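When you get a sec, could you build the whole thing from the sequences and use the hints?
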Amino acid sequence: MATLAVVSSTLGLSDTFSKLKHDGKVAFIPYITAGDPDLSTTAEALKILDTCGSDIIELGVPYSDPLADGPVIQAAATRALARGTNLDSILDMLKQVIPQLSCPIALFTYYNPILKRGVEKFMITVKEVGVHGLVVPDVPLEETELLRQEASKHNIELVLLTTPTTPRERMKAIVEATEGYLYLVSSIGVTGARASISGKVQSLLQEIKAESSKPVAVGFGISTPEHVKQMAEWGADGVIVGSAVVKILGDAMSPEEGLKKLEEFTKSLKSALI
Amino acid sequence: MAFSSSSSNLTAYTATAITKPSSSPVIRFNKASTFRPKPISISCVMTQQSTNSSAAAVEDTAALRPDPLGRFGKFGGKYVPETLMYALSELETAFRALATDYEFQKKLDGILRDYVGRESPLYFAERLTEHYKRPNGEGPEIYLKREDLNHTGAHKINNAVAQALLAKKLGKERIIAETGAGQHGVATATVCARFGLKCIIYMGAQDMERQALNVFRMRLLGAEVRAVHSGTATLKDATSEAIRDWVTNVETTHYILGSVAGPHPYPMMVREFHAVIGKETRKQALEKWGGKPDVLVACVGGGSNAMGLFHEFVEDKEVRMIGVEAAGFGLDSGKHAATLTKGEVGVLHGAMSYLLQDDDGQIIEPHSISAGLDYPGVGPEHSFLKDIGRAEYHSITDEEALEAFKRLSRLEGIIPALETSHALAYLEKLCPTLPNGAKVVLNCSGRGDKDVHTAIKHLQV
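Listed in order, the protein sequences are those of chains A and B. Following the numbering used here, the numbering of the first sequence begins with 40 at its first residue and continues without gaps. Following the numbering used here, the numbering of the second sequence begins with 4 at its first residue and continues without gaps.
Don't read these hints as lab results, they were simulated from the structure. What you were told as hints is all true, and nothing was included just to trick you.
List of simulated lysine-lysine pairs, BS3-like, C-alpha gap at most 30 Å:
(1) A:155 x B:338
(2) B:172 x A:239
(3) B:389 x A:160
(4) B:201 x A:239
(5) B:345 x A:155
(6) A:155 x B:389
(7) B:409 x B:291
(8) B:345 x A:160
(9) A:248 x A:64
(10) B:77 x A:155
(11) B:77 x A:211
(12) A:160 x B:77
(13) B:77 x A:192
(14) B:171 x A:239
(15) A:253 x A:160
(16) B:77 x A:166
Coverage of chain A stretches by chain B, computed from C-beta distances (three or more under 8 Å per stretch; other residues unrestricted):
(17) 106-115
(18) 172-186
What you are looking at is a predicted structure, and each value in this text was computed from that prediction instead of being measured. Note that beta-carbon positions come from the ideal geometry of N, C-alpha and C, so glycine has one too.
As structure tokens, then:
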């Protein structure tokens, strides 16, 4: 069934990476939680992240029981939900904002909200507003069949995750199945800034690249320009920064202050990749 | 007499490799219910063929509880962050190996007998039976399976001891657990003290307030109790936090999940560790009246005591199985925990099952006077048994449970847990419909000492 109103004219996730590779660049991928402090701030934040040079933006859909998230993103989700943020209101906002962005959006959501809506219906509605990709952290490879089928039918790239505890054979299967990019979780744990990123990431990147030429983006824990630079040096094709960005918006005294600090921080992170 | 010489209580979780004679006819039953021994192959899910062959395989796998992916029909599975997947398969492999580990079985057997106090009696509740006699003198016979007599006062310890032993086998020295009312937390703290394991219990800050006695007990037993303030600060949030801890510390830590919920292999494993309840019941029923129970009744929160009783009898089609959930303030009040009656299918804490959720798929905070039933999900195997019509699920309000709490105390001198009181309350509706002499076995899953403070607030005695 054809979908109307494909409003995004940006490249998809894989194409973005191809272009960056061609230009010898590493992707900068920030993450923010939709609705914290409120959706209009999120809309502004998306535009700022875009103009400051983000190559892809991950947008989190707040959920009541986020198993993969640490205290910063948990708190952001709780605040967003308390304000009444839900998928419909997020999609309404995206409908307005995505046409103004030059980089693609990947939605980061847990599985139950997708199931509640119906997997196919979910894909249709997010595609309608111009979302390009999807990350679902609580669906392991064995359970992704339905998601992958529906995502691919509707041209949504389903990004899969691999971690330091994933055995090599399994990692191979995951990278073979992932679309857009492979999300390499940098550490054994949940989201949240870390003081340093484990050296294991470097060897994991090498192992993955020995198996596949698909782009790999590293996430979890990355919170400073130094970390970002290090990931690029270790061979990452993309660097994801989540909690550190969410914290800036969440801790700010006002949305305006948050957006201002967000701009400064984003520029400092992006500059580490130039 | 604690156990029969064939250690029949242990064969519940052994694979068909065991050829020890058993006093109960479980061998054919095990064939239908155990997992396949060969390792899980990822490629079978990946290829196109898998969808085509699945139709033919459905007939086959529907009989498997669970199938190799940990599914009971469409329920169950492993919906967790990738970081945990290896630990889950490691856990399953270790659990499977127990089938031929006689040392483990002997040790567990000994602990269940000498430390937990098994086997628990099957008690004929004379005055309760009298209470349900109709004017013409006819009525069912009520038997109580006395899990309340176990060490720590509930069935929870069966699973806790076995998992603690399993953790030691895995070389994990750090144990974490979630708890609602505190009974599973107390059972876990108890076994960690017994086996010298470091113990951390996650408990919702709200729950800690209403079950202060259990918090004290856990700390007295040497456990660290961590308050969870996120979300609604109740059991579901404690469970989420325990899962996050496990994601972070998976290499050193074993997560003793307290019910037949969560990702595979937990629903299967916890069921097998509680299956001793049903196995003993079969033997005891045979001894007492030379037959099987006609009806099994148990309360359902996550579903562990119910699965422990039901599992043995699932293949005995003439045995009726009834699970009783918490209707809280009433099914239409929006304040209940009747997941199987009012919930919808979704994914919570690693498993696909019925759960209480709002229109956006956010998990709702349930309500029940009994903290142990106050969980918005339910074990996936119960969801499966409901859907195939093998078991029935009803619900009982706070008020009805409190009445039953008083009733058993007065009629039998047994103060039941508020959770158990829900099952007891259902007898009021069930017994008038049963034929004369029908044998009802109700799982008396816990004793009610822990509930006196709550009872004082609500009851005039």
